[in-house]
Amino acid sequence: MPDGFSAGDTAFVLISAALVMLMTPGLAFFYGGMVRVKSTLNMLVMSFIALAIVSVLWVLYGYTLSFGKDAGAGLIGNLDHLGMRGIGLNDLNGSIPVTAFAAFQLMFAVITPALISGAIADRAKFTAWSLFVALWVTVVYFPVAHWVFFSDNGHGGWLVDHLGVIDFAGGTAVHINAGVAGLALCLVLGKRVGFKKDPMRPHSLPLVMLGSGLLWFGWFGFNAGSALAANGVAGMAFMNTQVATAAAMLGWLAYEKLRHGAFTSLGAASGAVAGLVAITPACGSVSMLGAIAIGLIAGAVCAAAISLKYRLGFDDSLDVVGVHAVGGAIGSVLIGLFATGHVGQTAKGLFYGGGFSQLGKQAIGVAVVAVYSFVLSWLLGQAIQKTIGFRVAEEVELAGIDQAEHAETAYDFSAVGASLARALSTPAAAGTAPGAATGGSAGTAPGKVTDKSSEKTEVDAR
Amino acid sequence: MPDGFSAGDTAFVLISAALVMLMTPGLAFFYGGMVRVKSTLNMLVMSFIALAIVSVLWVLYGYTLSFGKDAGAGLIGNLDHLGMRGIGLNDLNGSIPVTAFAAFQLMFAVITPALISGAIADRAKFTAWSLFVALWVTVVYFPVAHWVFFSDNGHGGWLVDHLGVIDFAGGTAVHINAGVAGLALCLVLGKRVGFKKDPMRPHSLPLVMLGSGLLWFGWFGFNAGSALAANGVAGMAFMNTQVATAAAMLGWLAYEKLRHGAFTSLGAASGAVAGLVAITPACGSVSMLGAIAIGLIAGAVCAAAISLKYRLGFDDSLDVVGVHAVGGAIGSVLIGLFATGHVGQTAKGLFYGGGFSQLGKQAIGVAVVAVYSFVLSWLLGQAIQKTIGFRVAEEVELAGIDQAEHAETAYDFSAVGASLARALSTPAAAGTAPGAATGGSAGTAPGKVTDKSSEKTEVDAR
Amino acid sequence: MPDGFSAGDTAFVLISAALVMLMTPGLAFFYGGMVRVKSTLNMLVMSFIALAIVSVLWVLYGYTLSFGKDAGAGLIGNLDHLGMRGIGLNDLNGSIPVTAFAAFQLMFAVITPALISGAIADRAKFTAWSLFVALWVTVVYFPVAHWVFFSDNGHGGWLVDHLGVIDFAGGTAVHINAGVAGLALCLVLGKRVGFKKDPMRPHSLPLVMLGSGLLWFGWFGFNAGSALAANGVAGMAFMNTQVATAAAMLGWLAYEKLRHGAFTSLGAASGAVAGLVAITPACGSVSMLGAIAIGLIAGAVCAAAISLKYRLGFDDSLDVVGVHAVGGAIGSVLIGLFATGHVGQTAKGLFYGGGFSQLGKQAIGVAVVAVYSFVLSWLLGQAIQKTIGFRVAEEVELAGIDQAEHAETAYDFSAVGASLARALSTPAAAGTAPGAATGGSAGTAPGKVTDKSSEKTEVDAR
Amino acid sequence: MKLITAVVKPHQLESVKDALQAFGVQGLTVTEASGYGRQRGHTEVYRGAEYTVDLVPKVRIEVLVEDADAEEVIEVLVKSARTGRIGDGKVWSVPVDTVVRVRTGERGPDAL
Amino acid sequence: MKLITAVVKPHQLESVKDALQAFGVQGLTVTEASGYGRQRGHTEVYRGAEYTVDLVPKVRIEVLVEDADAEEVIEVLVKSARTGRIGDGKVWSVPVDTVVRVRTGERGPDAL
Amino acid sequence: MKLITAVVKPHQLESVKDALQAFGVQGLTVTEASGYGRQRGHTEVYRGAEYTVDLVPKVRIEVLVEDADAEEVIEVLVKSARTGRIGDGKVWSVPVDTVVRVRTGERGPDAL
Ligand SMILES: Nc1ncnc2c1ncn2[C@@H]1O[C@H](COP(=O)(O)OP(=O)(O)O)[C@@H](O)[C@H]1O
Ligand SMILES: Nc1ncnc2c1ncn2[C@@H]1O[C@H](COP(=O)(O)OP(=O)(O)O)[C@@H](O)[C@H]1O
Ligand SMILES: Nc1ncnc2c1ncn2[C@@H]1O[C@H](COP(=O)(O)OP(=O)(O)O)[C@@H](O)[C@H]1O
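Just so you know, the protein sequences line up as chains A, B, C, D, E and F, in that order.
The numbering used here numbers the first residue of the first sequence as 1 and each following residue consecutively.
The numbering used here numbers the first residue of the second sequence as 1001 and each following residue consecutively.
The numbering used here numbers the first residue of the third sequence as 2001 and each following residue consecutively.
The numbering used here numbers the first residue of the fourth sequence as 3001 and each following residue consecutively.
The numbering used here numbers the first residue of the fifth sequence as 4001 and each following residue consecutively.
The numbering used here numbers the first residue of the sixth sequence as 5001 and each following residue consecutively.
FYI, nobody ran anything at the bench for these hints, they're computed from the structure.
Some clues are possibly wrong.
[Claimed, not checked] With a cut-off of at most 20 Å between alpha-carbon atoms, the simulated EDC-like pairs for lysine to aspartate or glutamate come out as follows:
hint, chain 1, residue 1, chain 2, residue 2
1, C, 2069, C, 2161
2, C, 2191, C, 2003
3, B, 1348, B, 1091
4, C, 2361, C, 2394
5, F, 5079, D, 3071
6, C, 2191, C, 2397
7, B, 1361, B, 1161
8, B, 1191, B, 1003
9, E, 4079, F, 5106
10, B, 1197, F, 5018
11, D, 3079, E, 4110
12, E, 4079, E, 4014
13, C, 2197, E, 4054
14, B, 1361, B, 1080
15, E, 4079, F, 5054
16, C, 2069, C, 2080
17, A, 197, A, 397
18, C, 2069, C, 2198
19, C, 2197, E, 4110
20, A, 361, A, 152
21, B, 1191, B, 1394
22, A, 348, A, 161
23, D, 3079, E, 4018
24, A, 197, D, 3054
25, C, 2197, C, 2395
26, F, 5079, F, 5014
27, C, 2069, C, 2397
28, B, 1348, B, 1070
29, A, 197, D, 3018
30, D, 3079, D, 3018
31, F, 5079, D, 3106
32, A, 197, A, 394
33, C, 2197, D, 3014
34, A, 69, A, 152
35, F, 5079, F, 5018
36, A, 197, F, 5054
37, B, 1197, E, 4054
38, C, 2361, C, 2161
39, B, 1197, F, 5014
40, B, 1197, B, 1395
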């Protein structure tokens, strides 16, 4: 390997990339446990499909749009690396192979759209969602990632290199971006049937806790890994991540106890996620005591913020706005207060004698990303809604989207087992389906085919 | 970074810290699956709250009590690092940043109290438990960690540096400590209603298996990471961890088959954990064949030990004593037999020509930690029980602690969904709650408020 | 540590080994969610027991058979390292300790037999399965691993060193090997009662998704870790793994939508696994665009291949053949087309000007492993079936294998809880069981013993 | 007294509950059930095999009422459960010999 | 009309369903139940403690039929549910005052 | 014969089972149910929203008995299920035309 290469840093970033990858399934479980049983699978697959779509687009053109040399003005990368061409096995980015860097950053591009899905739980057509993911990363995420993450000696993205916004691991590019897009989308799709009236309580809180546990775990890769080296900054980012998360859990639980009289497990899980979100931009620039402060604030404020949707009447189903947009903004702005100048960055916050300068930059960064994401996301959502339709029929929503969109149900715990259903057709029997290259023996069809003709004029939407 | 720094070691320890962090959620699932469905969430949250509380205390004073310079006599660290002051970004502990070391050790401090919770499943007030965690780490864990883990050229903790006890990754400080504290607490709280009579069978064995899988995975960080370097010792500790765990699963299953006639999945999961516990202190000083022996013994002995509670009549609900106290003691003492002198430590055990010397030291270490932990834990438990009360009311226990303490139920699989419950009040409607800084529009309250007045004189405890 | 040692590489391989270990529990959940609720635990334990058995055998003789110096002709390792003797703490394999290498390779030996279990879900005696695992790794896996993975300057395993087959991470040794063994075993055991007639739908798709998420995560260790160093090859293998998996999910979903009209969550999970399987041998020799092509092909072809069992009438219950044998073969053979000669290996495929040479070698490698595995697995299966019996009684299969083989049921969600069952005997009461070293107080037996005598002539198999 | 049983769509439970309460019925017992009728089931797909699940989720509601109220309660049930689509379910009534309130031991109409 | 209830082994549900349909009964309602009878339960082991689970899973099938069909439907049920082993269950019949089809409001035999 | 149905608190199931067995009843069928009555439900909190869950878990026990035993079995049920708190539930009895044991085809009292 060439000079400047570090196996230790490479090991760290590659494993971190794996950790960040795990966050997307983790998110799927976090969200999937929170919905009613009838839309569990849809919720899970909305995250998984982001893994599929974004990874392919990343190789085709996402990487080069985000991390290709700046095409001018700090707005977008050039097309030098379309299809990852021109990236040699041993080319370095800092002390690590470019491939390792690309893998790490890919995982950020995957989870960001997945985060949005929580805002439109239970009611989005799966094909429409898939299309949205592809378009959204193209026109929103890839450019914003360039603005925020592509630092190139002052010739990189405009937020990081021109304006000097501090965003260590993605408070703006990931969380505000996704949170605000969630707001736009849930406005486009409208409220769920029964919003504010039916409880819609989580169908499996253990699944939610599993999700939050995996998110927390993976987030060490997200935050500490963003140092792109296994060094003191990574160590500090790691500690800050842990303690801010811990403090945010306490903040959320305290708020909840005062307000609703109970410490809930969902509050513990949600508080942790709020803390992880808030410390994401800040973990490379604040002290551990600062991280505790940021966590406490984020926990309590997000716990309060999630009730906005009931006041203002938008159905952000799983609180993407209240947790990611609000939490991301808190963390990004508080850098302007708590940045010590001695961790990973030299800019100082208000409390450390840096005056209002950094605070102002942070606020601008937040605002710019929020506005850009909102406008574009809303336009994309509308375009899809007006063309192929984004929202499922009310009947489908009532009966459960899993059945209609995925032809599956999440669980079958009945001891009755086999008896509640019967084989309609096995693949061999379906030999006449279009595109099937079945050999001769379609006649051996074993499945019982139930009589679908008589009277089946309507579907029982329950 | 300064001389002596190793990016490879830092990468290894940071990722190991993440793995150890994951063990606490893993433990939550392991325990959570084992309780009845009505106390699932309480069990989960007892572990998660340890993550929150201990992380904050660690930064405030835990790190310095455990790993600050010895204050004298090897009993406790000094206060040099209160609030983590005086720890520079690039300060090293061996070849890794102090922050990385602090993060790694923090995770040990988190899981140790979490382990205790299994002994008092289904019946502990959540606030009382939270208070206990905070007090217990302060007066028990932080000092004991100093005794066992703070090695400082003979001027560190008294067990490691004066007496020469070998505890590679925490057989005494973590497992015996927690196991014995579990015994003390379950004596303080008393037996569950229905102990020895009702089956109290695990509500979800797949959740138990998930927990054991995550524990096993995370334990590589715990044990191999304790080498604090990615080297041959870490490699050996890793292999020993794997094979002892494997052997313990076989040992437990064999015992169970002979005794009860069946190989159970809970036995497989429990045996694995017993093996992980037992090899923890020993993985840096024994050969792989020695690790197999330790695993086999620990698996079979722990399988037998868990029935002690029925004989002696203490309700150690999820077998913290039988697995962690007993398993930890087995592993710690067997070092006195199996230490080869050629792995990470030079002291030899009885079977390798070291005589009884190390065996004696190990026995003393076990006894000291056990006695200290038992006495302090019992006193803390009693103090809490006598003041704010530690145990919930019998009615709450019967109806399920999740509902009473957390206002939640773990699952809602009913297709009936929305209809079984109804919105009582959404946050906007709850605007009059104390401490709520709600703006004007409380009048828009949308939730249906059910009539709670008439006849609701009693609660249906089922 | 000696010269040539790299802490970075060691950190990478050790953590990779931990990731690969997690794949086996991940597989357990992937399979466990797919079976009916009555055989969940059996499915889980079939994987966990592989962790136990193979780890111990690896230390005793597996490592030396696979990675001991070649005993001649490239067929098997010698016995130099029986019981891991002769392996010093600081001995190196390349740049990492031999212990780290041994740990990494052990995890491959564990998961391979576990993969087979899916083919014989719901109907294999647990002791028979355990015996099969022990025998199979001995006569099939250890030799084949030697052929494929033991490269020693031309004096290693015959497939890798003599023939020049490329198998970066185990397409032949792991996936084809296990897939074909699954075919052999399901032929030996025969079809499940109700095959092709009862639906046998997955009892928990979230559990399946969890499994696939953990598999995906762990697979980065499997594939990138196979570089045995944290370098550019590892980075490339990592990216290839991610994008092939993503593309395969798309390929599977597209096939499914065209053929059955729905995008299923099970399809997403299965497609991902098919992609992971196919890229395993190829991730060190193809470009990212090549990886996308391989993924797309594997996803669609495997989606089609799983219906073979209905046509041909073998009950490969969870599609081990369709996914692992077919996917492994696709990946192995496509190397012959897509190998660029510039990634980890210099041999070029047909599309990169290498002619048919590599393609031929790959085909031979696939065929040799497939035939060897099929014949040996079938013989072992038959031998067990004819002696101790491999398949459970039909009654047991109908009632559910969990109850009969493990004396457990996977879930108990009933609010009824304690009341549905009653304590038959606690361990103290069971004091008269054979081999029980119970002390005096057996008379204090607390459990109620139900009247088992009257009329209990038959068992209710439901 | 009569025992009136209604098998209805799960989503109608809340409306049924509200209607009964408005009528003055203070208690009921609910069981999850599944039903097979003219509405047929739906198709599910698992790994390349299609199945029809022909039992559709329902709830089964039992209400004990005085003889005099029976007809009206049936009316209330039918109206509040109706969506007009197939699968709406059935309501039937069965004669009851006696009813006891467990808590107090009261008998007959007083026990309702 | 009659309400015929059968408590049978879960595995017999499909055979029962088929037999009823062959006979001409177009609807039924199924509930998961557990039963306690002569068949006793089974033993489970959890961490060194043995328990007997004495309630065995059953399904409870309800069919509303015209008086005239009652006897025959009982026969069909009994035959299609029988395995000959203990635990096969019970079938019983109860008189029904009235039946209403929720969708249409039809009454009596027409409502079946 | 009579069909006696009891809707009781889940925790009383074991005591009911024991009492019935002591009395000589050899079989019963249990279903999980939820009930709505005077006892009201409880409040749950999810992410800043409170809900009342007003259906409380119950078990529904069915016992087929001879006419002569009906009164006594009702007594046994009521006594063994009682805790004296609201929510204790109801017991009721319904006339049965006929009972068949599936395994043997026996009819009437012999089938119990
Ligand atoms: N003969 C019957 N006996 C018992 N339950 C029935 C009967 N017919 C229908 N049901 C119940 O009523 C539900 C609705 O039946 P269906 O025939 O679809 O309704 P509709 O009255 O609208 O035609 C079924 O799912 C089943 O639970
Ligand atoms: N007296 C009864 N009342 C209600 N249900 C009963 C009664 N006796 C038996 N059952 C039901 O029938 C099922 C089978 O009973 P069992 O006595 O095993 O059958 P068999 O008729 O073959 O002797 C039981 O599980 C229970 O659900
Ligand atoms: N009219 C009724 N019809 C059917 N079930 C009822 C009726 N009233 C009460 N129940 C059942 O009895 C249970 C207890 O009712 P509740 O009114 O709380 O009891 P209590 O008799 O102590 O006042 C309820 O949960 C419900 O399942």
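Does residue 3071(D) lie within 20 Å of residue 5079(F) when you go C-alpha to C-alpha?
33 Å, violated
For the pair we were handed, residue 197(A) and residue 3018(D), check the Cα-Cα distance against 20 Å.
14 Å, holds
Between residue 4079(E) and residue 5054(F), is the straight-line Cα distance small enough, at 20 Å or below?
41 Å, violated
Under the criterion that the straight-line Cα-Cα distance not exceed 20 Å, is the pair residue 1348(B), residue 1091(B) satisfied?
With Cα atoms ~34 Å apart, residue 1348(B) and residue 1091(B) exceed 20 Å; violated.
Restraint status (C-alpha distance of residue 2197(C) to residue 2395(C) at most 20 Å)
OK: residue 2197(C) and residue 2395(C) at ~18 Å, within 20 Å.
For the pair we were handed, residue 2069(C) and residue 2161(C), check the Cα-Cα distance against 20 Å.
13 Å, holds
Would the hint linking residue 2197(C) and residue 4054(E) be met if the CA-CA limit is 20 Å?
Between residue 2197(C) and residue 4054(E) the Cα gap is close to 31 Å, so the pair fails against 20 Å, i.e. violated.
Run the distance test for residue 4079(E) versus residue 4014(E): straight-line Cα separation, threshold 20 Å.
Distance ~13 Å between residue 4079(E) and residue 4014(E) Cα, so the pair holds.
Under the criterion that the straight-line Cα-Cα distance not exceed 20 Å, is the pair residue 69(A), residue 152(A) satisfied?
Given pair residue 69(A), residue 152(A) holds - Cα atoms ~8 Å apart, limit 20 Å.
Just to be careful, I want the Cα atoms of residue 348(A) and residue 161(A) compared with a cutoff of 20 Å; is the pair within it?
17 Å, holds
Given the proposed pairing of residue 1191(B) with residue 1394(B), does the C-alpha separation stay at or below 20 Å?
With Cα atoms ~11 Å apart, residue 1191(B) and residue 1394(B) stay inside 20 Å; holds.
Need the status of pair residue 2191(C), residue 2397(C): alpha-carbon distance at most 20 Å?
Between residue 2191(C) and residue 2397(C) the Cα gap is close to 11 Å, so the pair holds against 20 Å.
Violated hints, in rising order: 2, 3, 4, 5, 8, 13, 14, 15, 18, 19, 23, 24, 27, 28 and 33; the structure is consistent with all others.
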